[in-house]
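> Sequence lines, in order, name chains A, B and C.
Under the numbering used here, the first residue of the first sequence is numbered 2, with each subsequent residue one higher.
Under the numbering used here, the first residue of the second sequence is numbered 2, with each subsequent residue one higher.
Under the numbering used here, the first residue of the third sequence is numbered 2, with each subsequent residue one higher.
Don't take every hint at face value.
[Said to hold, decoys possible] Only pairs whose alpha carbons sit at most 25 angstroms apart, straight line, appear in this in silico DSS-like list of lysine-lysine:
#1 Lys18(A) - Lys217(B)
#2 Lys17(B) - Lys173(A)
#3 Lys17(C) - Lys17(B)
#4 Lys109(A) - Lys347(C)
#5 Lys282(C) - Lys248(C)
#6 Lys347(A) - Lys18(B)
#7 Lys164(A) - Lys217(A)
#8 Lys282(C) - Lys248(A)
#9 Lys347(B) - Lys248(C)
#10 Lys109(C) - Lys110(A)
#11 Lys248(B) - Lys50(A)
#12 Lys17(C) - Lys173(B)
#13 Lys17(C) - Lys17(A)
#14 Lys110(C) - Lys347(B)
#15 Lys109(C) - Lys347(B)
Treat the hints as calculated values from the structure; they're not laboratory data.
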Amino acid sequence: AQELGKSADTKVTVEKKWFETLSLRGYMQVRYNRLLETNPDLGCEQCDKSWGDNNGLFIRRGRLVFSGNVHERIYIYVQPDFASSASTTSNNFLQIRDAYFDLAFDSKKEYRLRVGQSKVPYGFENMQSSQNRLTLDRNDALNSAVVNERDLGLFFYWAPKEKRDLFAKLVKDGLKGSGDYGVFGFGIYNGQTANRTEANDSQHVIARVSYPFEFKNGQIFEAGIQGYTGKYVLPSVTSTVIVNSDKEYLDERVAASFVLYPQPFGLQAEYNIGTGPEFNKLNNTIEQKSLHGGYIQAFYNLKFEEQIVLPFVKYQIYRGGKKHELDARSYEVNDLEIGIEYQPFKNFEVVADYTISKRRYEDAVKLNNLQEGNLLRLQLQVNF
Amino acid sequence: AQELGKSADTKVTVEKKWFETLSLRGYMQVRYNRLLETNPDLGCEQCDKSWGDNNGLFIRRGRLVFSGNVHERIYIYVQPDFASSASTTSNNFLQIRDAYFDLAFDSKKEYRLRVGQSKVPYGFENMQSSQNRLTLDRNDALNSAVVNERDLGLFFYWAPKEKRDLFAKLVKDGLKGSGDYGVFGFGIYNGQTANRTEANDSQHVIARVSYPFEFKNGQIFEAGIQGYTGKYVLPSVTSTVIVNSDKEYLDERVAASFVLYPQPFGLQAEYNIGTGPEFNKLNNTIEQKSLHGGYIQAFYNLKFEEQIVLPFVKYQIYRGGKKHELDARSYEVNDLEIGIEYQPFKNFEVVADYTISKRRYEDAVKLNNLQEGNLLRLQLQVNF
Amino acid sequence: AQELGKSADTKVTVEKKWFETLSLRGYMQVRYNRLLETNPDLGCEQCDKSWGDNNGLFIRRGRLVFSGNVHERIYIYVQPDFASSASTTSNNFLQIRDAYFDLAFDSKKEYRLRVGQSKVPYGFENMQSSQNRLTLDRNDALNSAVVNERDLGLFFYWAPKEKRDLFAKLVKDGLKGSGDYGVFGFGIYNGQTANRTEANDSQHVIARVSYPFEFKNGQIFEAGIQGYTGKYVLPSVTSTVIVNSDKEYLDERVAASFVLYPQPFGLQAEYNIGTGPEFNKLNNTIEQKSLHGGYIQAFYNLKFEEQIVLPFVKYQIYRGGKKHELDARSYEVNDLEIGIEYQPFKNFEVVADYTISKRRYEDAVKLNNLQEGNLLRLQLQVNF
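Next comes chain A alone, as it looks inside the complex:
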């Protein structure tokens, strides 16, 4: 705009203003999980701390995203969450989810190195933003690999230009895409997950391939495979439990992902197997054990002018330990969710998710704990 009135051949170097380089956006989710609740003792630590007894309205996520292409080779992304707890009683502090920069090796940004705290490229649903996900929480099976989905590391991503454009389009067009984590990804990271202090001398290593196929009829299908290995140090163990002397266990998984993008019918399935620490109540010991689980989700994308309605159904299972929780808590999960997302306009969404849940979760404090129950979960989300 500064160049108006000048002849076209005058050379003017206009330095970009800060607000043209950096931008701010965000979203917030407010929930209530107590309607039609049949069992107030049924909880899910990994999902949402406001299930069950003595809970009410809850801000599940509040995000501010500062990002921008600050140089033709450098992209920065800093995302604080404003619904993080600094202790069990004091909530809603600002804590980082993402804080990374991408260093591109070529002008088309097909080859990039991501440095800092960012998502560990393990699974499709883990990569997909909670802003776009249909169900209120991620599946136990793959999300228990990397709680909060992130870690501090160096990640290399490669994708050809046309696939990068496709990854962007799958989000922009409301097709519930994952964003661009490359067709090929490879990384090393601390392994104790986001915002936790590194606890050993070894790094986790991960690799992923995920390829979106475009068919002539316009349908898009993505298939991916990913795996990681590393050594994990347990963060919280009851004092009476028998545990490896350094609390260190092998943490190794491989997963397959399949996605049919919703034009209008969508289908999504993932499964993973692996090994990790798990509490055994029979001998009060945290053992190295195998684990497995996954989910399948079907959904439908209905548009009425500006309004969008997405009914969905999801079934998930998980059998194994959860390394991030007390005593690498032992889990047996069978959950069925039936729900609907309604977007009256792009800045606002309502989700109703009826959950039929059967969960055994046991540690040294809760030795025999099988919980079954149903609940209607409601979420209001604002996007800005």
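Dock chains B and C against the given chain A, drawing on the hints supplied.
Just chains B and C now, with coordinates in the frame of chain A:
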């Protein structure tokens, strides 16, 4: 600006830039409370943690406000405070005060639902921003209903367009208005107050009516009435104190508010009565007891071109428990404040507030504690 | 831009948009300290918590700076760090580093009062931003005077217009300047350092003179002297240690600083002497003791078109207590650093710093603790 040079009848859809939709503003208050202090043992936990012994300069509030009409029906408001403590020794973390969105039901936004953490509409002074208040702290009587003034809930507000404009004008013109919390407000909220985890299964319920009358001579008078009820769970109790088995007490109040806006003479008075938990030192028990108290404040609005001077005097009393404090601490408050606010220009303010205070505040640790004293309180405030 | 098409003599008062008044910028540093490490027990609490055993990748600093001239007399500066810990296990919370405003007494802003939390003007390297410093951490000797370099106070600065322009130019031109802390500075501050609660009734007092000389050949040389005095209350003392009954000690230092700015050869040296608390292992007592130390650094500024390379060497010593650490830990430091900073373009920097370190640091828990070792330290920094 992008349309310059095009003919007027060319239709151009210009998507708004992020910085045209969202905006950032804020303020900061730096205080010193030790001048002319006659009693270093006199404190006020609810007011300002830097009264008395071993205190010095103090950042009382630091606020960044991210807000905007992100859609014709959606307004978002995210306000972190940057002077919040994560523990008794580690200060100046960023913690949310407000994080809400307004969903308007009509194009004039006369009917709105506010979702998230926001101010509980109880009292005029509680609604008025600290950026605009004359005295350094809010009155004990009404503020002890909702510490930090906020909670997580759903609030419905209604006000006709002309009253909405008036509420906005009362702030913009420096008349120390409260902002727009509707002529009528109704809400449900968790009840444990801002940033605290919900602790029982019941919600608080509140209703409020506040109407500003405009007289022919230009004077504006506002009268309001408000009341709430709910069950509150005590957050901190000395182990030896006798308390209800679930620490739950009835928490119920009603208040009346009167404001004559300062053109140039202003007058403000509020009073509330109710019931809540209160420590009884005679039997070492936290009992359900009645409470009452309020304040009256007179002030004058002097303008010398850009400069503004506002002398004020305020008298307040309170007799009852404070549910948020240790053992629902028992209070008897009689305070007189005489002060002046000086704004040399709109971005900067100085307040001097001479406080003559008589406070009995007692819990299981401080059984007999009547403190009397005077102090001169100083505040520098920057608005940006 | 709004005035286009209007005749030049039409008077239009255009109120500035928020984004023209306020701006956002920042930087982030990601480190790895474990390459070529010869002694995993060698640590440096004041420098970087990721030295040695059980450490990996680490975000050392992440900064967002909100600043602006919000009025012709008022400048605000709010800088949260997004790599702050709220406890030993929970990292990456947002916590304030700077939160201040400058109130100018004249239109040229030669006389300013800085109010809030800001850098205490003690030493050149302490004033210089970590965004610009060559070595990965500040020297122990002067930085142990004010950990995190900041405190809550009132600081008066004076510098003539041409020196203010020079201070700005020394940063903008990549000459590793300190920024503008005046030719003369004077201040009072709480004395417990940034983000810590004041712990006694007395303030620290500081004064500083620093003058940059410009020579005819273009070389610029700056010399400074500074000193402070106050009483400091120890924040953490082992229960068995003998300590002053109020944990209060005299805290008093004076320092000299010399800088030859790198055109292309740079030289920097500082030294300080003083007194403060220090742990004495012979009698298990924290005593009032003298302290001294400083550093000398030589460096070279090489430019290849857009690229910049800066090799450097630094030697430092320190002998004394560190008041901020457990038991006012006793220190004997001898460190040599040889390194290089490489900026391929202005938004990105790589530093390699080979450190040859010999450190004795002892408190009541570690009574005999001399650690020697070498390590290669790597840092990637992004500026935005």
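> Please go over all the hints and tell whether each is borne out by the structure.
Hint check:
1. Lys18(A) - Lys217(B): violated, 49 angstroms
2. Lys17(B) - Lys173(A): Holds, because 17 angstroms separates the two Cα atoms, which is no more than 25 angstroms.
3. Lys17(C) - Lys17(B): It holds: about 18 angstroms lies between the C-alpha atoms, which stays within 25 angstroms.
4. Lys109(A) - Lys347(C): Holds, at about 20 angstroms.
5. Lys282(C) - Lys248(C): It holds: about 17 angstroms lies between the C-alpha atoms, which stays within 25 angstroms.
6. Lys347(A) - Lys18(B): holds, 16 angstroms
7. Lys164(A) - Lys217(A): holds, 16 angstroms
8. Lys282(C) - Lys248(A): violated, 34 angstroms
9. Lys347(B) - Lys248(C): Given pair lysine 347(B), lysine 248(C) is violated - Cα atoms ~44 angstroms apart, limit 25 angstroms.
10. Lys109(C) - Lys110(A): At roughly 46 angstroms apart (the allowed maximum being 25 angstroms), lysine 110(A) and lysine 109(C) break the hint.
11. Lys248(B) - Lys50(A): holds, 22 angstroms
12. Lys17(C) - Lys173(B): holds, 17 angstroms
13. Lys17(C) - Lys17(A): Cα-Cα ~18 angstroms, so holds.
14. Lys110(C) - Lys347(B): holds, 18 angstroms
15. Lys109(C) - Lys347(B): Given that 25 angstroms is the threshold and the Cα spacing comes to 20 angstroms, the pair holds.
Violated hints, in rising order: 1, 8, 9 and 10; the structure is consistent with all others.
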